[in-house]
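Asker: Listed here are the chains, written in short residue letters.
There are 2 protein chains.
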Amino acid sequence: MTGLSRRHVLTGAAAASAATALTPLANSPASAAAPLATTQAPGWYRYNVGSYQITVATDGKRSFKLPDSFVLNAKKDQVNEALLAAHMEKDMMTIPYSPIVINTGSKLIVVDTGVGEANFERSKGVSGQFQSNLKAAGIDRDKVDTVIISHFHGDHINGLIKPDGSPAFPNAEILVPAVEWKYFMDDGEMSRQTTDRMKEVFAGTRTVFDALKRKVTQYEAGKEVAPGITAVATYGHTPGHISYVVASGGKTLYVQSDVTNHPALFARNPGWHAFFDQDPQMAEATRRKVYDMLVADKMMVQGFHYPFPSVAYVEKAGSGYREIPVAWDSSL
Amino acid sequence: MTGLSRRHVLTGAAAASAATALTPLANSPASAAAPLATTQAPGWYRYNVGSYQITVATDGKRSFKLPDSFVLNAKKDQVNEALLAAHMEKDMMTIPYSPIVINTGSKLIVVDTGVGEANFERSKGVSGQFQSNLKAAGIDRDKVDTVIISHFHGDHINGLIKPDGSPAFPNAEILVPAVEWKYFMDDGEMSRQTTDRMKEVFAGTRTVFDALKRKVTQYEAGKEVAPGITAVATYGHTPGHISYVVASGGKTLYVQSDVTNHPALFARNPGWHAFFDQDPQMAEATRRKVYDMLVADKMMVQGFHYPFPSVAYVEKAGSGYREIPVAWDSSL
Chain A
93 MTGLSRRHVL TGAAAASAAT ALTPLANSPA SAAAPLATTQ APGWYRYNVG SYQITVATDG
153 KRSFKLPDSF VLNAKKDQVN EALLAAHMEK DMMTIPYSPI VINTGSKLIV VDTGVGEANF
213 ERSKGVSGQF QSNLKAAGID RDKVDTVIIS HFHGDHINGL IKPDGSPAFP NAEILVPAVE
273 WKYFMDDGEM SRQTTDRMKE VFAGTRTVFD ALKRKVTQYE AGKEVAPGIT AVATYGHTPG
333 HISYVVASGG KTLYVQSDVT NHPALFARNP GWHAFFDQDP QMAEATRRKV YDMLVADKMM
393 VQGFHYPFPS VAYVEKAGSG YREIPVAWDS SL
Chain B
93 MTGLSRRHVL TGAAAASAAT ALTPLANSPA SAAAPLATTQ APGWYRYNVG SYQITVATDG
153 KRSFKLPDSF VLNAKKDQVN EALLAAHMEK DMMTIPYSPI VINTGSKLIV VDTGVGEANF
213 ERSKGVSGQF QSNLKAAGID RDKVDTVIIS HFHGDHINGL IKPDGSPAFP NAEILVPAVE
273 WKYFMDDGEM SRQTTDRMKE VFAGTRTVFD ALKRKVTQYE AGKEVAPGIT AVATYGHTPG
333 HISYVVASGG KTLYVQSDVT NHPALFARNP GWHAFFDQDP QMAEATRRKV YDMLVADKMM
393 VQGFHYPFPS VAYVEKAGSG YREIPVAWDS SL
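For the record, the sequence lines run as chains A and B. Okay, so the first sequence: first residue is 93 according to my numbering, each after it adds one. Okay, so the second sequence: first residue is 93 according to my numbering, each after it adds one.
The hints are simulated quantities; they were obtained by calculation from the structure and are not laboratory data. Take every hint as true, because none was put in to throw you off.
For identical chains, the list gives no copy identity; a pair is met inside one copy or between any two copies.
Cross-link-like lysine-lysine pairs, in silico, DSS-like; alpha carbons within 27 Å at most:
1) Lys-235 / Lys-305
2) Lys-390 / Lys-167
3) Lys-343 / Lys-216
4) Lys-343 / Lys-182
5) Lys-182 / Lys-408
6) Lys-315 / Lys-235
7) Lys-390 / Lys-182
8) Lys-390 / Lys-408
9) Lys-157 / Lys-390
With the hints as constraints, model all of the structure from the sequences given.
Answerer: Structure below.
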């Protein structure tokens with residue numbers, strides 16, 4: 093770096109050098125300033141797995157002040173350290189949401205649904221983007237054949253219904269994990285909940301599924317839920333939490349759902365227990381098994397809470413794992 | 093991972109389990125299959141640096157069979173090892189191109205221009221995307237006040253002209269590095285070139301700048317080329333190669349131009365000499381200085397040949413550096 097040393101650049105010299113900047117440039121048109129833009133690019137991205145086409149359509153994000161107890165078994169200082177190491181903001185947590193669509197060639201399948209369109213206005217467009225991004229990607233919600241739900245947290249199921257309570261995917265069959273259904277729709281289990289958080293989750297499942305008149309099809313782990321899409325039990329985050337292996341033409345993709353929340357915290361520190369992991373020990377054991385497999389088999393992973401477009405490879409890093417985002421391909 | 097063991101999932105059991113899959117699902121609508129999409133999302137992305145707005149608009153990419161001599165001082169096997177470590181394809185090289193637009197609030201400034209629209213048809217849309225992505229981002233080429241060129245390689249200057257040879261940014265002043273201009277527009281220098289590659293670069297500069305009737309404004313390193321945008325001499329890749337520090341509201345961005353080509357190879361291995369580094373030793377020295385600074389100052393870097401959206405932080409990794417892509421923000 094000849095000509096302008098590091099310290100020169102970085103100690104306000106840029107401002108100082110304004111005095112010696114080029115004289116006003118000839119030929120500069122007197123055009124009005126272009127207004128600053130107010131919109132981000134639409135958040136969708138497409139890639140192929142064999143003959144299957146995956147469209148990631150982000151639902152946006154939620155940003156909030158980092159709670160003291162965001163990680164149950166780590167101090168806030170340690171969490172901040174991890175945020176800073178990932179070049180994220182201190183004392184703030186931002187969690188992205190990215191549902192996907194799988195076009196198998198014969199079926200159009202949505203996996204998880206985001207926080208719901210009702211949140212779009214409420215959040216000033218920060219979340220609840222799934223439907224607008226689907227539309228931007230040219231996907232007609234009325235053409236969706238199947239919606240597969242991984243687990244019953246609100247950011248995965250609330251997008252099943254429109255703000256008026258009608259089905260968001262009117263022509264789709266809704267597939268739900270049998271274990272999750274049995275647990276969360278059990279009124280006895282509900283009556284035994286003691287925390288506000290868990291009471292809300294139980295109430296939320298009833299709001300959504302009652303709006304759908306409980307018309308769902310339950311599926312078992314270990315089975316194909318659609319051609320080439322196998323449900324894998326990854327229990328812990330919730331009692332019936334499911335991930336998926338998508339296989340087509342000799343290629344595979346692991347759709348991890350919430351095996352980790354944000355990878356900067358929970359892939360890097362698989363032993364950390366997020367406050368929303370219902371059975372933290374089981375969630376941790378699941379996380380380690382899944383991530384060891386992703387590393388050993390060099391398997392591509394799609395992560396609901398990974399930064400958009402949320403598709404990566406995973407490698408070992410220190411006592412945890414690091415995600416290597418798949419490079420954006422500007423052509424299909 | 094209960095229920096379905098790793099080996100079960102990964103040894104073709106997914107196919108085998110089809111036999112035991114759920115019976116054909118009730119309520120499945122007999123809708124026609126949705127056609128597979130043929131287009132990728134538009135390649136633009138926006139973020140703020142202080143009160144300045146950066147729009148990255150990718151020009152696409154070039155993919156080619158890895159030449160034996162792509163890295164002058166490394167064996168092809170070593171290059172392949174680096175590709176595989178980054179989960180990229182063996183024996184193939186894919187180089188993305190991402191010019192940017194800086195809106196300072198009073199000036200609309202393009203930095204570098206891609207391979208040119210003429211390549212869009214020629215490459216079936218794989219490259220030459222800059223203008224279509226600008227348009228998708230709502231940026232009117234006629235409103236661009238300034239185009240700043242970092243160096244005179246074709247993927248940076250060819251987009252200055254339309255396929256018919258007229259200016260691609262008709263109302264913009266074109267700023268070029270004075271050292272680069274002096275070298276490449278010198279007919280004596282041109283006459284002394286011995287390699288096809290270098291003869292092409294010299295011829296290319298004449299094609300582009302003659303089409304523009306050589307109406308350019310030369311700028312010196314170490315000066316502001318626009319308010320808050322300081323040119324930094326990062327010579328080596330070419331004799332007059334320039335990077336930029338963009339500073340606004342206490343925030344800074346380092347626009348590295350071609351200090352590295354693809355970071356998976358040349359940030360990870362700063363000692364590697366890409367065959368298009370004109371003075372490999374000087375380019376390497378520049379690369380190490382710039383990257384040590386990016387690490388020490390935790391400075392965000394925009395890299396022309398980084399995977400879109402091409403903005404990252406850098407950290408030390410082994411004997412080189414690793415880029416940490418900035419998380420996509422789904423809101424502006």
